[in-house]
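**Q** These are the residues of each chain, in order.
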Amino acid sequence: MSIISFSEATLQAMIEEMERDSTVFVMGEDIARQGGIFGQFKGLPDRFPGRVLDTPISETAIIGSALGAALTGLRPVADMHFADFISVAYDELVNQIAKNRYMFGGQADIPLVVRAPDGIVPGAAAQHSQSVEGWLMNIPGLILVSPSSPATAKGLLKSAIRSNNPVIFFEHKLLYPQKGEVPDKEYLTPLGKAEVRRAGKDVTIATYSIMVQKALEAAQTLSREGIEVEIIDLLTIKPFDLETIVTSVRKTHRCIVAHEGVVHGGAGAEIAAQIQQEAFFHLDAPILRVGTKNVPIPFSPPLLEYVAPKVADIEKAVKQVLYREEN
Amino acid sequence: MGVRIKEFPNAFLELTSQGKKELLRTMIRIRSFETRVEELFLAKRIPGFVHLYIGEEAIAAGIMANLRKNDWITSTHRGHGHALAKGAQMTRMMAELYGKRSGYCKGKGGSMHIADFSVGMLGANGVVGGGFTIAVGAGMTAWMKKTDQVAICFFGDGASNRGTFHEALNMAAIWKLPVLFINENNLYASTTPASYGVAVSRISDRAAGYGIDGYTVDGNNVVEVYNVSHTLIDRLRSGKGPILLECRTYRVKGHYVGDPEKYRTREEVKNQAEENDPIKRYTSYLLEHSFIQPEEIDLLWKEAKEEVEAAVRYAEEDPYPEPDEAIQDLFSSDQEVLV
Ligand SMILES: Cc1ncc(C[n+]2csc(CCOP(=O)(O)OP(=O)(O)O)c2C)c(N)n1
Ligand SMILES: [Mg+2]
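The listed protein sequences derive, respectively, from chains A and B.
Start counting the first sequence at 1; every next residue gets the next number (the working numbering).
Start counting the second sequence at 1; every next residue gets the next number (the working numbering).
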């Protein structure tokens with residue numbers, strides 16, 4: 001094991017996959033000259049000349065050309081700069097990338113990865129803070145993943161690059177500097193598989209990305225009060241690992257879903273709906289969701305504090321499903 | 001009509017008589033296919049929408065005659081002609097129009113989504129202007145793999161107003177990608193005349209914004225299209241970067257089959273169909289220069305008709321897909337680790 005940052009972990013994944021397969025390349029804004037706005041591509045251009053491309057500010061062309069390259073024999077990794085800007089390339093993602101394989105009757109594979117730095121950074125406000133997986137949940141044909149740690153970042157990114165399907169890799173901006181243990185030997189984190197981060201008998205928390213940490217923090221406080229939560233790190237948001245969640249819910253009979261994106265119409269809505277469909281008679285309480293309130297992310301610290309999901313919100317929701325606290 | 005057309009050598013004259021005849025064959029095959037598709041649509045044998053390429057055949061024929069099988073094209077909602085000229089099979093195209101199982105997309109695409117990756121046809125597109133960036137990506141593949149393949153992007157006058165046009169041409173230009181952007185200026189985008197909706201009178205002038213060459217040719221003159229694209233495609237292969245070629249043409253049929261066409265006069269359409277038909281024009285040219293005999297022309301029409309009828313029979317007899325095939329083909333299962 002080595003202790004490295006989340007950012008270094010993604011870089012190691014890129015290096016290993018680019019060494020392994022000469023058709024892998026990466027493009028995006030300010031990634032070659034600057035090494036990425038979060039330093040996540042530092043040193044990569046020197047190692048792989050001609051395969052790390054600075055693009056113009058042309059998100060539509062970045063994502064659209066990634067598709068064209070993927071259809072004709074390359075394995076592009078396209079960096080979105082900020083996940084918020086997926087909107088600029090929405091047609092390319094939603095009407096082209098997600099549909100090309102299906103609407104052409106399975107003729108073409110689309111091995112591409114879109115890297116999308118997402119999540120709340122205090123002060124970044126409405127257009128640089130969003131978790132936008134909800135925008136894509138409703139689109140058949142895309143795989144959505146989001147790691148929670150350096151180890152999962154590396155393993156998931158490697159799997160995403162090797163996948164012959166389009167994968168959107170949501171990486172929380174606040175996770176980049178965080179350090180954690182990463183295996184020294186080569187490994188892959190499988191797509192579509194959740195991991196149980198903490199075992200507990202009372203309430204299941206299905207979550208992903210930075211909210212895994214918040215759930216772990218909440219778990220400590222709750223444990224002191226005699227409540228043991230089980231935390232499931234989904235890793236793949238779509239298609240998510242329903243089986244692992246339901247196995248846990250059959251044990252705990254209570255569940256909350258926590259993510260940083262807006263609650264209303266967010267990924268949690270689908271996750272909760274599927275859990276209740278699969279495990280209704282095992283549930284002793286309604287499934288509750290924790291996430292951002294139904295407004296854009298505000299700038300001023302007290303406003304942000306009010307809107308963003310916090311550790312305390314998780315604790316509260318856990319107590320609610322245990323009927324220890326009023327709504 | 002052409003801009004600086006004189007600088008292009010007359011490669012057409014170098015073509016064998018077979019080569020000259022092939023251009024005509026391609027145009028006749030497209031015309032015969034489209035004419036029959038219109039009938040079948042009106043007879044309700046074909047569901048959905050169809051956008052016909054009638055009157056614009058010289059562009060697909062002239063360009064594609066300069067391409068290799070492993071070159072790529074991106075097409076539009078008006079894509080049957082591009083697919084046929086690039087080498088797609090008429091039988092599987094017709095089956096797709098019918099929504100049948102052995103159609104190119106197993107019935108999942110229909111007229112607006114025909115693709116044949118085995119001949120480099122990367123797909124028609126239901127989103128106007130959706131092909132620009134895909135063609136750029138194909139150009140990137142040639143660039144990064146250091147092959148001399150080229151990518152051809154077909155698009156309409158209406159599509160030239162999309163933002164994708166700007167991003168794609170700029171990106172192709174900075175990396176000098178081998179992409180030929182072929183504007184099929186048929187003077188209308190649905191009901192909107194190009195003279196109203198496009199701010200420049202020559203779409204090729206937009207090339208200046210990207211520091212690349214732009215040309216306008218008579219898109220209903222297959223010899224001119226062939227000659228100009230012959231030189232331009234050679235230039236692409238030698239790594240000189242993208243080019244914009246505007247082919248002036250005319251959409252003889254409605255925007256879609258069933259279009260009431262209230263935005264133009266019958267007379268305008270009739271004049272174009274009579275005076276400017278690319279097949280008539282090329283046929284007279286060939287006869288005038290004795291490049292072909294009248295019997296050969298008749299034979300081409302006869303063969304095309306037979307091919308189309310065989311395709312219709314094929315499509316009629318082909319079964320529909322099983323309903324639950326609707327949930328197949330979304331993802332590749334190769335090396336997949338999904339649960
Ligand atoms: C993005 C988008 N906007 C609008 C449409 C509806 N539409 C389909 S074809 C068309 C006209 C396209 O005109 P042009 O690009 O000139 O091509 P043409 O039909 O003349 O071949 C329109 C508006 C669409 N399919 N996609
Ligand atoms: Mg038009």
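Bear in mind the hints are in silico, worked out from the structure with no lab data behind them.
In this text, all values refer to a predicted model and were calculated from it rather than measured experimentally.
Don't take each hint at face value.
To be verified - DSBU-like cross-link-like pairs, simulated, lysine-lysine; straight-line CA separation at most 30 Å:
hint, chain 1, residue 1, chain 2, residue 2
1, A, Lys42, B, Lys69
2, A, Lys238, A, Lys185
3, B, Lys176, B, Lys262
4, B, Lys262, A, Lys310
Unchecked claim - To list a few chain B residues with every Cβ distance to chain A over 10 Å, as calculated:
hint, residue
5, Arg68
6, Tyr104
7, Asn161
8, Asn170
9, Leu187
10, Ala199
11, Ala310
12, Glu316
13, Tyr320
What the hints assert, rightly or not - Covered stretches of chain B, as calculated for chain A (at least 3 residues, CB under 8 Å):
hint, region
14, 274 to 286
15, 321 to 332
Just so it is clear, CB atoms sit at the ideal spot from N, CA and C, and this is done for glycine as well.
**Q** In ascending order, which of the hints set out earlier in this document are inconsistent with the structure?
**A** 1, 3, 4, 6, 8, 14
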